[in-house]
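> Top to bottom, those sequences are chains Y and B.
Numbering (this note's numbering) for the first sequence: 34 to 511.
Numbering (this note's numbering) for the second sequence: 34 to 511.
Same chains, same label: a pair holds when it works inside one copy or across any pair of copies.
Computed list of lysine to aspartate or glutamate pairs in EDC-like fashion (alpha-carbon distance at most 20 Å, straight line):
1) Lys96 with Glu85
2) Lys241 with Glu181
3) Lys502 with Asp465
4) Lys342 with Asp409
5) Lys136 with Glu115
6) Lys71 with Glu137
7) Lys61 with Asp166
8) Lys96 with Asp360
9) Lys368 with Glu43
10) Lys159 with Asp57
Rather than coming from a laboratory, the hints here were simulated on the basis of the structure.
Quick caveat: nothing in here was measured; it's all calculated off a predicted structure.
Protein chains: 2
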Amino acid sequence: MAGKQKFVSEITDMDKDFAQWYTDVVKKAELVDYASVKGCMIIKPYGYAIWELIQQQLDKRFKETGHVNVYMPMFIPESLLEKEKDHVEGFAPEVAWVTHGGKEQLAERLCVRPTSETLFCDHYAKEIQSHRDLPKLYNQWCSVVRWEKTTRPFLRTTEFLWQEGHTAHATAEEAEEETVRMLNVYSEFCENVLAIPVVKGQKTEKEKFAGAKATYTIESLMHDGKALQSGTSHNFGDGFAKAFGIQYTDKNNQLQYVHQTSWGMTTRLIGALIMVHGDNSGLVLPPAIAPVQVMIIPVAQHKEGVLDKAYELKAKLQEVGRIKVDDSDKSPGWKFSEHEMKGVPVRLEIGPKDIEANQAVLARRDTGEKVVVSLDHIQEEVTKLLTAMQKEMLEKARNHREAHTYSATTMEEFTKTVEETPGFVKAMWCGDEACENKIKEETGATSRCMPFEQEEIAKTCICCGKPAKKMVYWGKAY
Amino acid sequence: MAGKQKFVSEITDMDKDFAQWYTDVVKKAELVDYASVKGCMIIKPYGYAIWELIQQQLDKRFKETGHVNVYMPMFIPESLLEKEKDHVEGFAPEVAWVTHGGKEQLAERLCVRPTSETLFCDHYAKEIQSHRDLPKLYNQWCSVVRWEKTTRPFLRTTEFLWQEGHTAHATAEEAEEETVRMLNVYSEFCENVLAIPVVKGQKTEKEKFAGAKATYTIESLMHDGKALQSGTSHNFGDGFAKAFGIQYTDKNNQLQYVHQTSWGMTTRLIGALIMVHGDNSGLVLPPAIAPVQVMIIPVAQHKEGVLDKAYELKAKLQEVGRIKVDDSDKSPGWKFSEHEMKGVPVRLEIGPKDIEANQAVLARRDTGEKVVVSLDHIQEEVTKLLTAMQKEMLEKARNHREAHTYSATTMEEFTKTVEETPGFVKAMWCGDEACENKIKEETGATSRCMPFEQEEIAKTCICCGKPAKKMVYWGKAY
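Can you build the whole structure from these sequences, using the hints too?
Here's what the structure looks like:
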């Protein structure tokens with residue numbers, strides 16, 4: 034029987050083979066399964082529960098900042114995709130094309146949306162007439178498709194889930210404010226909910242979004258020292274407005290083009306959670322995003338009163354968090370390993386001796402620390418522990434990032450750092466794309482962002498020696 | 034300026050041209066816009082807010098009955114769709130086919146999911162090994178595509194939003210219980226939340242879902258006397274399990290096939306809301322599903338203290354519902370018409386004289402009734418009004434349905450009823466598909482369902498005169 038079986042918790046050592054460790058965790062923590070279509074994923078109940086919490090907490094922030102949700106069709110006619118030159122060049126090579134509906138060939142091919150700028154623009158051109166119609170602050174939750182050659186669950190998949198905000202404003206200033214506002218919503222969410230510290234900055238011309246005037250990004254650092262772009266916010270200026278004819282009459286009755294933004298976050302964030310917080314026992318979830326915050330494990334549950342006490346504790350603790358009792362017939366040891374693998378923040382052990390002593394054992398997933406607490410104060414103790422854990426997980430991740438952020442002033446130093454000590458490398462840049470390309474070719478590191486918080490590490494570009502314009506975060510990235 | 038303009042509230046008279054009235058309402062209440070792809074719709078903020086409330090309240094019910102959410106890919110390989118014979122015959126003629134990814138032609142065509150039975154079965158075949166893995170109670174929220182020839186917003190669109198539950202059980206009995214359980218969840222939701230009464234019953238062989246052993250349905254009646262299939266729940270037996278090889282070892286270590294169900298509700302429900310409750314001033318929403326339950330309209334809002342009082346009332350009422358203040362510079366008359374068109378259940382008028390008298394005017398959208406209430410009891414009065422409205426809207430809809438439910442015992446009577454007094458027609462049936470087809474050909478009415486609550490109206494089939502097996506609800510339908 035299961036009670037005699039051992040939970041197969043062996044996963045690859047993360048410091049030996051991080052990629053295999055990642056694959057083991059997504060599988061063993063029951064986050065995803067592979068689908069029959071290459072590059073697509075099945076998001077299983079536990080993985081989807083994390084996504085639902087991400088959605089709820091982001092959506093709340095979007096609504097608090099005045100945004101409303103809508104739904105646009107999943108298909109874009111080829112002619113519509115082609116309306117903005119840079120945009121179609123960026124996306125056309127990687128879209129899925131629908132050519133037949135039922136038994137008939139379509140007069141025009143439709144692509145499955147890789148992103149919905151063109152659909153929102155087409156709609157805005159009809160909806161926006163007057164300055165009274167502005168701003169438009171729309172968001173949508175949906176799935177998008179990009180035909181990727183190499184894929185990995187959550188990090189790069191042919192289909193993924195995301196939200197895409199699309200806004201239209203009367204002035205360039207308002208559009209810029211919105212772009213920055215949403216980047217700040219993203220960074221606050223990453224730090225306070227996901228416990229993932231981020232670097233905020235601007236993408237270079239080379240790395241910016243197809244069709245954008247400026248792309249802002251938040252970049253986080255994974256356990257293995259590789260960077261992950263975790264959210265982007267784009268200022269389109271009036272480029273799309275001109276391509277799609279989105280105009281309004283201002284207060285002086287003059288026709289003006291609108292200024293637009295878009296911003297998105299995806300299921301990729303689940304990949305970030307795994308790679309920032311995970312360890313050799315599996316996933317570690319910050320309490321704010323954990324589908325189960327406290328798993329109650331009855332010890333010797335066949336003994337009288339143990340299960341009743343476990344349910345009683347659950348009822349009490351539900352007022353302060355998301356709580357479950359594992360009353361299955363697996364052994365406590367099996368249960369310990371299984372919920373460790375799934376990254377449940379706190380394990381509460383309760384057995385006959387604990388009940389006699391009016392106490393319970395609380396075990397923290399991140400540090401392994403165990404404390405014995407009185408049942409009289411169980412709500413306060415659990416709340417205290419979850420709060421501390423949320424805070425300390427962010428601190429730990431920040432310390433890891435600081436410890437893996439380097440700076441370089443010569444190409445030799447840069448190359449050596451990238452090779453030997455993976456992480457962010459801060460280095461000066463002249464602003465020339467040729468240098469950016471050369472650095473990528475020679476070291477494999479890409480420009481992650483020009484951080485808003487600039488430092489002058491040197492006077493000259495690390496690559497060509499010409500006067501430097503910006504300090505850039507570089508790194509290998511997912 | 035807007036203050037001087039008149040809100041264009043003229044819509045087609047619903048009793049003169051119901052189809053045009055419907056089109057006017059979806060447009061003027063700002064529920065949808067037409068998309069660049071034929072048959073697809075853009076769900077605008079107000080329409081989507083209704084959908085979000087439907088989602089929240091259904092999802093809560095699914096979770097309370099033990100279901101969890103997952104996400105399956107949107108693409109189905111052609112070979113997978115073909116695995117269950119009846120299913121592929123039912124859906125293949127109306128799917129969208131992806132043939133190219135980026136610049137390359139795919140080795141195998143992929144269809145955009147019209148429904149996801151095949152994907153869930155493929156997954157279950159891998160996931161289910163033992164009786165310990167059962168039941169599987171999965172649901173997903175997503176969009177699906179069916180290539181429709183003639184479309185109407187919400188009622189029949191090429192792409193629509195829905196939820197699809199897919200479950201697997203150890204025994205035929207458990208699958209049957211689940212099928213009925215979810216039909217009951219649907220009917221309770223329709224009646225208590227949407228205020229739409231439904232007839233519960235079973236579809237005939239001809240009308241059942243492609244691949245199902247039995248399809249149960251809830252049927253509602255629109256204002257014009259046409260029926261709308263509002264939700265279906267299917268019992269698949271072990272047909273899909275055999276086609277996909279979904280087997281488990283039971284407690285006696287014997288291999289068994291699972292028994293499956295699926296059930297779905299769609300954005301079509303918004304169409305039902307419009308057509309059951311709407312009137313010649315536009316939409317009428319039951320409070321439980323209204324994005325704004327009370328719209329506060331300040332009268333003479335430029336006068337000192339009026340807007341402040343309106344915000345104060347909003348703050349107070351937010352504890353009991355979804356409340357907004359319309360503080361735009363439109364005239365009160367414009368605002369009245371606009372929020373009437375959008376079906377806001379209660380309008381609260383507050384002006385200088387009301388403030389002086391410590392009172393407000395509450396106007397009900399459904400009956401037009403106005404009451405003057407004291408501000409001292411405003412929370413209780415609003416709650417009372419919303420509760421009464423929710424209850425009375427269901428009663429009104431039920432009375433309408435009763436008044437438009439007829440019975441017939443001869444074909445002559447049947448034909449006359451269908452032609453002259455649109456509604457449900459109850460009539461006996463022998464169970465033979467030939468009679469069902471003949472009735473459809475001659476009258477345009479289809480079998481809506483064999484209701485669970487049977488009555489013996491006559492002994493013989495209305496069509497052929499042979500002994501009758503079932504009493505059937507017939508009617509023209511959307």
